[in-house]
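These are the residues of each chain, in order.
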Amino acid sequence: MFETIWFVIWGVAWAVYFMLDGFDLGLGTLFPFLAKDETEKRILVNAMGPFWDGNEVWLITAGGVTFAAFPRAYAIMFSGLYTPLMLLLFALILRGVAFEFRNKVDSAPWRATWDTCLVAGSFLPALLLGVAFANIFQGLPLDAAGLFHGNLLTLLNPYGLLGGVLFVVIFAVHGALWLATRTEGDLQARAGYFATSLWWVEAVVAVAFLAMTWFSTRLWQHVLAKPVLLVLPLLAVAGLLLTRVFAAKGAWWKAWFASSALILGAVLFGVAGLFPDLLPSSLDPAASVTAFNAASSPLTLKIMLGVVLCFLPIVIGYQVWVYLTFRDTLTAESIRKGPAY
Amino acid sequence: MDVLALSRLQFAVATYFHFLFVPLTLGLSMLVAIMETMYVRSGDEDYKRMTKFWGKLFLINFAVGIVTGLTLEFQFGTNWSRYSAYVGDIFGSLLAIEATAAFFLESTFIAVWFFGWEKLSKKAHATTIWLVAIASNVSAFWILVANAWMQHPTGFVMRHGRAELADFVAVITQKFAILEFIHTLGGAYLTAGFFVLGISAWHLVRKQETAFFRKSFRVAAVWTLVFALFEIAQGHMNAEILSQAQPTKLAAMEAHWETGRNVPMNLIAWPDAAHERNAVQGLSVPSGLSLLATYSTNGEVKGLKDYPAAERPPVLPVFLSFRAMVGLAFLFLAVGLWAFLKRHTITEQSRFLKVLPWLIPLPYLANELGWTIAELGRQPWIVYGLMKTSDAVSPLSTGQVGTSLVAFFLVYALLGAVDFYLLFTFARKGPEAAPAAAK
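Chains G and S are the protein sequences, given in the same order.
If you're matching positions, the first sequence starts at 1 in my numbering and goes up one per residue.
If you're matching positions, the second sequence starts at 342 in my numbering and goes up one per residue.
For the record, the hints were derived by calculation from the structure and aren't laboratory data.
Incorrect hints may appear among the rest.
What the hints assert, rightly or not - Straight-line Cα separation of at most 30 Å, DSSO-like style, residue types lysine-lysine; simulated pairs:
(1) LYS729/S with LYS556/S
(2) LYS695/S with LYS643/S
(3) LYS41/G with LYS556/S
(4) LYS41/G with LYS460/S
(5) LYS41/G with LYS770/S
Work the whole structure out from these sequences, hints included.
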């Protein structure tokens, strides 16, 4: 019972993380293509300025939920995926300071250095998280003791790589749409053009991924066994289609929300398809790490449920307030005058 | 080196480095919040400029503190997976509470504070920096409760081959945790006090923005004296709890070998672990250690020889770190007292002002020494009395950990160099010119 509730919280934490940080990772990835001059670069950075840090805490929370509710899964996942996680960590470190540092010294090479960190630090996490989750969906080479029999190359199989590409493209579209909501004129037009053009790539990769999921994983079988869960992939597909419909009309906010629905639907579909596995084993189904064999004690799960139910609504409340407070259009003028990175 | 040694070294690098930035975040957030409150109350534009100037330095420091904190949450899983699985029921929960109850608040509102000068009312804006300051400090509370549990595990039962939570309230209210929390905060506040005193002094010597830096100096002088006094009085309370909770750590801190009563405190000593004695010792205060640890000259203090050699921490570094930390604390008190007494005529104290900037690194050193005592003094245990550090490490290869360790050295060296360069640059540049309207 508690294990199931925590499994859902675990999935929702990841889904919300990808929905929120997804747009700023995507925007960081597209940075060199979208911004033509220094003013546009600053607009781009400041379009995510007030949000990226709060968004990233959802990653800490997803990690924290794993540690608190499923310590064995946390231990096996983080040590098994050691090298990709270290790469993710360094990428996020360099990306985080790039925001603060890039405009602190008036020198072109200085800015170029931190811009490189921003771009690499946005692209790599998107790719790595995609590869990691696709591999989790299809199962990791785990033995009964939880030892990971493989290395970084084990993860770079066709399905894993397609998952990585999918994340990069979804986030890129999500980020371009975000920029379109916050800008005007040329930059908005360029952001919109990228969103609508990349949408075709997104659609092709998404369909390919869903098809490959049928053969490479047991997600569909699990979901079809409980047809009510089909609402999740349907939400993802509806989100994908509506993204295109709204983007074509220039309704950027609606398109961004549709893109969010795609991310939530897709991630939750994957999570629901895993249940009760957190880390399915590709070597032996009995060696899979599940919500039940990895869970914390009932007392911890109960107390932590109280904590989460008490604090997460508050967090969501003030984060929504922050999004509403900083929803205005950014211009060369507003960047020059106001506090800005 | 094996995986254990490499992982320990990596943890040390990550933690020492992270803690170069945390104390200033904890203390300076409070000072900036106080300055902005003074601005809101008095309407004095100087306080607004102070808020912005010290706030900018705060943000430069904060950025590295945040990203290096990420490493720590990852590392328990990546490098200490056996530990994580063994105690995650308790330890993992505390970290998760920190994220949901404090870290979200801190990370969200720091951005609101920076970007929100024009968008919020004065009072609402000042509230956001208070939220950041309080959230950072609450964050420290949960992290230190988690660390205190490693120092003195309580409120748990051994079940299903792991430590499971039995009494949550006991875990979060244990005396060890409360003392560790306030001791860490005291050190952090001192760090911020010396930071503001030192940079203000640098400008006062050069007669730049004198009014501005005199005000900053006055705020920091009061602050520094209060926490220098607090830290010494409070630090002494830690000796008592260590004598009960971690006798091997206390014995190593004092290079105390033989259990006994009326144990003297040797102000000078050089421990010789191989021969289980002190090669040199002197300047003994009769019954000093008994008195400090038990509040009785006749109190019994356990010596290292009561414990098998394999369960003792490395004595020399723990002993020296403790001596140095306490020496620094008394220096901080003297400096704090002088700064406080002379705060109204500080511009005349040119020699004192010239020395102050050079003292900025000392509280940083004291903080790191404190952690050296806490963590090295707990060895060979990762959870005192419950799990050895050598049983906690992940099943990794030396290649994996060696590579990441080198990467940490490189990336952190770069971050450290850049961040200190920026702090220097913006500290020396001084505040933005006063607006014309204020004349």
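Status of each hint after checking the structure:
1. LYS729/S with LYS556/S: Distance ~51 Å between LYS729/S and LYS556/S Cα, so the pair is violated.
2. LYS695/S with LYS643/S: Violated, at about 46 Å.
3. LYS41/G with LYS556/S: Violated, at about 38 Å.
4. LYS41/G with LYS460/S: 23 Å, holds
5. LYS41/G with LYS770/S: 26 Å, holds
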